[in-house]
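*Asks:* Sequence:
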Amino acid sequence: MPNVMARSRVFRVLCCRYLWLSGIFVFRRRSRNPGCDMGQTLSEPVTAKETSSAANSMVMVGSSCMQGWRINMEDAHTHILSLPEDKDAAFFAVYDGHGGAKVAQYAGSHLHKKIVKHPSYKVGKVEDAMRGGFLEVDTDMRNDESMRDELAGSTAVTVLLKNNKIFCGNVGDSRSIASVCGKVQQLSFDHKPSNEGETKRIIAAGGWVEFNRVNGNLALSRALGDFVFKQNDKKKAEEQIVTAYPDVVVEDLTPDHEFLVLACDGIWDVMSNQEVVDFIRTRIAQKMEPPEICEELINRCLAPDCQMGGLGCDNMTVIIVTLLQGKSYDELAEKCALPSMAVQSSPENGAGFADLR
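The sequence shown lines up with residues 1 to 357 when you count with the UniProt record's numbering.
If you're looking for bench data, these hints aren't it; they were derived computationally from the structure. Backbone N, C-alpha and C fix where the C-beta goes; we use that ideal spot for every residue, glycine too. Heads up, some of the hints might be wrong.
[What the hints assert, rightly or not] Label-pair restraints from in silico Cβ distances:
| hint | residue 1 | residue 2 | range |
| --- | --- | --- | --- |
| 1 | Asp233 | Phe211 | 20 to 30 Å |
| 2 | Lys234 | Asn299 | 24 to 34 Å |
| 3 | Ser43 | Lys122 | 49 to 59 Å |
| 4 | Asp233 | Asn163 | 33 to 43 Å |
| 5 | Ser53 | Lys113 | 18 to 28 Å |
| 6 | Lys236 | His110 | 19 to 29 Å |
[As the list claims (entries may be wrong)] No farther apart than 25 Å at their CA atoms in a straight line, the calculated lysine to any residue pairs in the SDA-like style are these:
| hint | residue 1 | residue 2 |
| --- | --- | --- |
| 7 | Lys236 | Ser194 |
| 8 | Lys236 | Asp247 |
| 9 | Lys287 | Gly310 |
| 10 | Lys165 | Gly124 |
| 11 | Lys162 | Lys236 |
| 12 | Lys49 | Asp247 |
| 13 | Lys192 | Gly310 |
| 14 | Lys165 | Asp247 |
| 15 | Lys192 | Met271 |
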């Protein structure tokens, strides 16, 4: 028992030293300000946005990102309407970095390639390919000499559209939802250390949960990178204190689907799922296009200052994928002008289309 306790103390010291050096150590007195925990803020926000769009017969996509009050921009995102390795598949992703942007940027360039090239993908097992792709890109970063000592980490929420299916893979607390006749269909679920299943894994791997954080510091229980929490050589990759193993949700793409939203917690901390759906749906009904809606959503979530608890002070990234499915944008606008309809829960996932904040 003394040896176990000694090892635990050493591990705590190493974790604290790592987090101090990486700039993401969180003092207890700062934990009441979650919006500013993982980085200092500017005296004025950077409100310039990087906004882009793309479209084909199936989707019209808009994306936008903004640094906001943070000293650095650590988010990355991807939208590819036709993957080079699979022309019939589209891929969208948001990566919310912490402790630096390097992991988020690496994932943004490589994760979709790993998924499509995975052996399971070639035999139609997209869910397994997503799980394998997440773990492979994490392993590649750890084995890369320029990345192995990287102190940063990142969330990843990804959506792959193929064969009238929505495949969503997720680690962390970025989030994806769909609007189905104006109601929320949740495609991902936040990975927080306080969740019972996450807590059990963390403890089994030698960690602990304190102040709702992994080892008292990291507010996520799953992430790409964060290799200091992946040092238990007696555990598999999916069993580590912090794991890159994703949850994968699969839904049928139906004529009732209107649009998808992928965003970092800079959006979801400020607005609920249903509020975001209502905000976007109202503007589609007005025939406003996705890029402009993305910018308005970010502006809506930006805090006027960082003195009110930190909400709205984070980097912000959002992707809106309007699901044309061969129809015109005007037809989608007419549909979004109709009142919301009640939609039954999904029998597979249980969470269904309820607003799960």
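*Asks:* Are any of the numbered hints broken by this structure? If so, which, sorted upward?
*Replies:* 2, 9, 11 and 12
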